[in-house]
Amino acid sequence: MKKHLLILTILGLFLTAGAAAGYAQQMPVAKFKLTQYMFRDKMAYPIDKMEVTLNVSADGRIGGKGGCNVYGADFSIVDGKLKVSAPISTMMFCDELTNGFERKFLDVIQNADTFSLKDKKLTITSTKRHTYLVFEPVVEEAKKEHAH
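My numbering puts the sequence shown at residues 2 to 149.
You can take every hint at face value.
Derived lysine-lysine pairs resembling DSSO-like cross-links, with alpha carbons at most 27 Å apart:
no.: 1; residue 1: 121; residue 2: 50
no.: 2; residue 1: 129; residue 2: 43
no.: 3; residue 1: 105; residue 2: 84
no.: 4; residue 1: 119; residue 2: 105
no.: 5; residue 1: 129; residue 2: 119
These are computed hints drawn from the structure, not numbers from a lab.
Every value quoted in this text rests on a predicted model; they were computed, and no experiment measured them.
Build the full structure now, drawing on both the sequences and the hints.
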């Protein structure tokens, strides 16, 4: 039953995203790491010391690590606009600074309405809130199995 529901959900997401596919840029399927951000409070967070990632899958899902917790959400592109469902996340205890960052990060994700890809950098923006997130692709090291 769960498998059938998952298949129907994925089909629904493909149909929703497919309606805009003819004239809208597609979200790149890849793994990304947060490198820049703009929140409304203008506070500086040590993102270089946090693991903040975004994984985009072809099935209309995004997810990753928000600094402390693992999160996930559905996305679609409708009439050229990015639509993201309310993210769900684990509920691990984090220090106050990381927790504050993560709340703001997930708020930008949930309220995002546009994205762009330039020089391999993915920018997700909430134009109404004047906030954004900039991600760079994660370059995974090649496995060293053939080093003999």
